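A.B. asks: Heads up: the sequence lines are chains A and B, in that order.
My numbering numbers the first residue of the first sequence as 1 and each following residue consecutively.
My numbering numbers the first residue of the second sequence as 294 and each following residue consecutively.
Because the hints were derived from the structure by calculation, they are not lab data.
A hint or two may mislead.
As the list claims (entries may be wrong) - Below are the DSSO-like pairs computed for lysine-lysine, each with C-alpha atoms no more than 30 Å apart in a straight line:
# : chain 1 : residue 1 : chain 2 : residue 2
1 : A       : Lys10     : B       : Lys475
2 : A       : Lys243    : A       : Lys141
3 : B       : Lys486    : B       : Lys571
4 : B       : Lys533    : A       : Lys243
5 : B       : Lys533    : A       : Lys141
Said to hold, decoys possible - Derived DEER-like restraints, expressed as beta-carbon distance ranges:
# : chain 1 : residue 1 : chain 2 : residue 2 : range
6 : A       : Asn152    : B       : Lys371    : 55 to 65 Å
7 : A       : Arg101    : B       : Met482    : 43 to 53 Å
8 : B       : Lys567    : A       : Lys10     : 37 to 47 Å
To be verified - Coverage of chain A stretches by chain B, computed from C-beta distances (three or more under 8 Å per stretch; other residues unrestricted):
#  : region
9  : 34 to 42
10 : 59 to 69
11 : 95 to 105
For clarity, every value in this text was computed on a predicted model and none was experimentally measured.
Note that beta-carbon positions come from the ideal geometry of N, C-alpha and C, so glycine has one too.
Here is what each chain is made of, one letter per residue.
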Amino acid sequence: MQRRVTFNSKFLPYLLLSPQVAITLVFFFWPAWQAIQLSVVQQDAFGQHSTFVGLTNFKELFADPDYVKTLIRTLIFSSAVALTALIPALILALMCERVVRGATFYRTLLVLPYAVAPAVAGVLWLFMFSPSVGIVAYWLKKMGMDWNPRLNGDHAMCLVIMAAAWKQISYNFLFFLAGLQSIPKALLEAAAIDGASNWKRFWTITFPLLSPTTFFLLVVNIVYAFFDTFGIIDAVTSGGPAKATEVLVYKVYYDGVHALNIGSSAAQSVVLMVMVVALTAIQFRYVERKVHY
Amino acid sequence: MSTNTLGQRSNWFPHLILWIGAFITLFPIYVTFVASTLTPRDIAQTPMQMWPGSQFLSNYMAAWDKGSAGTYMSPPAKRLLLNSLIVALVVTFGKITVSLLSAYAVVFFRFPGRMFFFWMIFITLMLPVEVRIIPTYQVVTNLNLLNSYAGLTLPLIASATATLLFRQFFLTIPDELVEAAKIDGAGPMRFFKDMLLPLSRTNIAALFVILFIYGWNQYLWPLLIVTSNSLDVVVVAIKKMIGGGAEPTDWHIVMSTTILALIPPVLVIVAMQKQFVKGLTDSEK
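Excised from the complex, chain B in its bound form (with noise of 0.2 Å):
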């Protein structure tokens, strides 16, 4: 029997309850990718059966090219995805990038009213979107933005997470590199742009997985301003595609579509995990 410093005998425990927490993670997901690969006769089947069937290329292209008919006709997935995709990318570049540039304002120039600008944007970090949907909504409606990307978009970009991030990072940068810098005659734009950004990577790395989770999962904002269903983003509509009750609900284009909503954000994570980590764990400080 091996025992460590810390007189733990033997390591099975641990692992057991690991096991069950992976369980309990993965089989809502595990469930939903086997209903997208059954028949609806199937899927309808108590108890549904609890491994793959045969549909999965047949769903699969039904959902991508197609969508779900019944009440709510959906475009199809790609639409969806697409949709999602730009509004993703959009808040997640659109962020960082205006935060970049404020941060670097706040903190390597010195002018009247810096401290009030500060302050303005610090304040917008108490306040989602949720608390303030209604007079938003009102605004983005008077200002003719309805129904588009940049209605979809803009009102998320109003953040001060990123801002305060890089506002802390470029604190840390040592004046000696702005001197060199400014010795060998490089301006503020220059400085910017060969030092500061190339300085910035791993900041803006985990940024970006952060936002474009966020970007991605968008809820509540797209379904208040957008009423024309070609612009609706994928998450919205998985909603949507589930019926009040008069019409059946496609269960098997439902379950695909939310498969490949899935997709994307999970690679991120996946792909990107110590980023991710450094992204979550940054942005709460």
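Just chain A, same shape as in the assembly (with noise of 0.2 Å):
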């Protein structure tokens, strides 16, 4: 980590550290100290008080059935759109490796999801499924169906996972891609002239070596579900309706920004911090893994 040959010097270093220990300082640690002490103190209506009550408002966080159903939504919410983005990017990226023309055209049309902000992905989205002007909504409508999003939290829901999916797949396409270049065709060789069929093959040799890629991507992919999702649920439903499409980066924001809510949505917050770190801390222990493998 340390290299043998350096430059001396007493102040330089701290001369080029010092722009982004600044912003640092000022935007990270001043805000997460900030966070940590809102979350444990509670203010009078009107802001001018605040009284130190411990951990009360992660207690009464815990005890409100509305943050616990989010807590679930959340999962549910996070769990789909890992799997919808992920399970589609595995079979398009074996398809990609099995064409011999064409790989470059399909690669760079199936990554331009990526561009396009999460806001952005929603209103398209929401613009198909619209029930007053939507294509595909009047097509579910012609088939029989009663789709209206606006309504039904279930449809609500079904939509900002597709679009949550539809811009993620990209990215996990490219990684299984890379995945799957790096796996030596000689065992693949080895086991068709051994007489194994497609799908022994996939089952066999593929997927279990292929299981290190789908691990970190799956933890990403949840880690994006948590985060990276809250444009898109603006766009789309705004949480609604009646908070069917409420994850917990919106409720933060939304009870923060709106409800003005500041003690909970601090607390909040910390929470949020605390699953992050947990899921970075898992993500590191897997590039451990993946040294030794």
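Using the hints, put the two chains back together into the complex; each one sits in its own frame.
C.D. replies: Here it is as structure tokens:
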């Protein structure tokens, strides 16, 4: 981690570090500290006085059935997004490995959604599925389905999951493709000569060798569904109808900005911070294992 | 019938699946494009037609010069795109500059507190803006940075990904190179400028793609700290143009603005595809 040959200077390294350290202190440590502070006080209705209440905000949070519901909803939402984004990505990567011609062409098309902002992805899907003007909504209605994400919470949830997965497939696809390319062809050919079918080769060779990639992507996708889908949800449903698509990040925003319940919002921020740290730790353990692999 | 070693007889099946994938990928964008070339009345027709109409020029010109009316009086798209471009470029170059410097300090110097600073930067890797929005908002308010480009960009520059990436790369530079530079009498800044920067070119390009898209696509942060419409970035403006129901949505303007908002990041990804893939896979190591 340390180089053998280094430069000597008393002040230069501090000078070089100062921009990043300044920004980190002001926009990272200061807010994080404030979040922790705010999470252990309660303010009166006018924001004039605050009293130290210890862990009351956290206790209230977990005693609040709405918060627990949001927590469960977030878990369902992120597993659904992860699965819907991982499985098609794996299939597409497998197919892209098999075509001789046109692989670059397909890859270029399939990575495009990565460039689309989450909120814009939300608008694209909202438009297609809007009960009044949407083309897909029209097809669904023709097939006899009473499609209305503005009133039906399950419909709204499906819509945000599809939009979120659509955007994430590109990312997963690229990583699966890289993973597939690192599997030695000799293994697959040997199995083929021994008479193993396509299907058998996939389950006994490709899939196990891809498992580090898959696991890594699972963590990344859950982090994505937890935090980066705010724009999608805000654009498509604004957390509605009747909170049916309100996930944890959305609740932090809503309680802090619209409901002005700062103490609870700060406590929720702290809970989220703990979750990200846990997820990052899992990811790092995995990276460790990949080294030994 | 041709068969290769892996026993793949014909090649139509993978192509079929890939076409379906490409169709699902492109269909939402295509529908948006079609709607951006129709009159409001044609958009409201059910089902909406699936081929482009004749309003391409007039819709795009209206979006570019005037923007959307309604409850949210949007600035013209040229203003929105300019705001987005400024934010994306400042975030991108800000992050790259700041991280190049700090990674250089951490790798090429020995000084008291080196590991302390390294960990201080490293820890920021874990917390995205989304998690600490309310307190960061208060800090920005205290600093009087609401409704300013500085407030829009500075908090987004604080991140460790780029620093770690450059650190990783700097560690692979052979000691002989540094020694040779020292023997030739190059000081630390000279070495940085004349050797390290040129060597980091591909890494900088890879990061540029990832960070530009990151900056261009910001949503929650600009939504919070901008209250004057003229500073809105395009992504936020599109969402605001879709009315809450009191006023009908100008779908033809929304759709043309959406297509305009897609062009810069899509161009960057397509033109720099190799760097994009490298940046993506590097930044997750």
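A.B. asks: Run every hint past the structure and note whether it holds.
C.D. replies: Hints versus structure:
At roughly 17 Å between alpha-carbon atoms, lysine 10 of chain A and lysine 475 of chain B fall within 30 Å of each other, so this suggested pair holds. Under the criterion of a C-alpha separation no larger than 30 Å, the hint pairing lysine 243 of chain A with lysine 141 of chain A is consistent with the structure, at around 24 Å. The straight-line distance between the Cα atoms of lysine 486 of chain B and lysine 571 of chain B is roughly 24 Å, inside the 30 Å bound, and the hint therefore holds. Of the supplied pair hints, the one linking lysine 533 of chain B and lysine 243 of chain A holds, its CA atoms being roughly 20 Å apart against a limit of 30 Å.
Between lysine 533 of chain B and lysine 141 of chain A, the direct Cα distance comes to roughly 28 Å. Compliance with the 30 Å bound is thereby established for this hinted pair. Against the hinted window of 55 to 65 Å, the Cβ-Cβ separation of asparagine 152 of chain A and lysine 371 of chain B comes to about 39 Å, which falls outside the hint. A hinted range of 43 to 53 Å for the beta carbons of arginine 101 of chain A and methionine 482 of chain B is consistent with their spacing of about 51 Å. Between lysine 567 of chain B and lysine 10 of chain A the Cβ separation comes to about 42 Å, which falls inside the hinted range of 37 to 47 Å.
Check on the region 34 to 42 of chain A: 3 of its residues sit with their Cβ under 8 Å from a Cβ of chain B, so the three-residue criterion for coverage holds. Remark: the region 59 to 69 of chain A is not confirmed as covered by chain B, as 0 of its residues place a Cβ nearer than 8 Å to a Cβ of that chain, below the required three. Using a Cβ-Cβ cut-off of 8 Å, 6 residues of the region 95 to 105 of chain A lie near chain B, which meets the minimum of three, so the contact claim holds.
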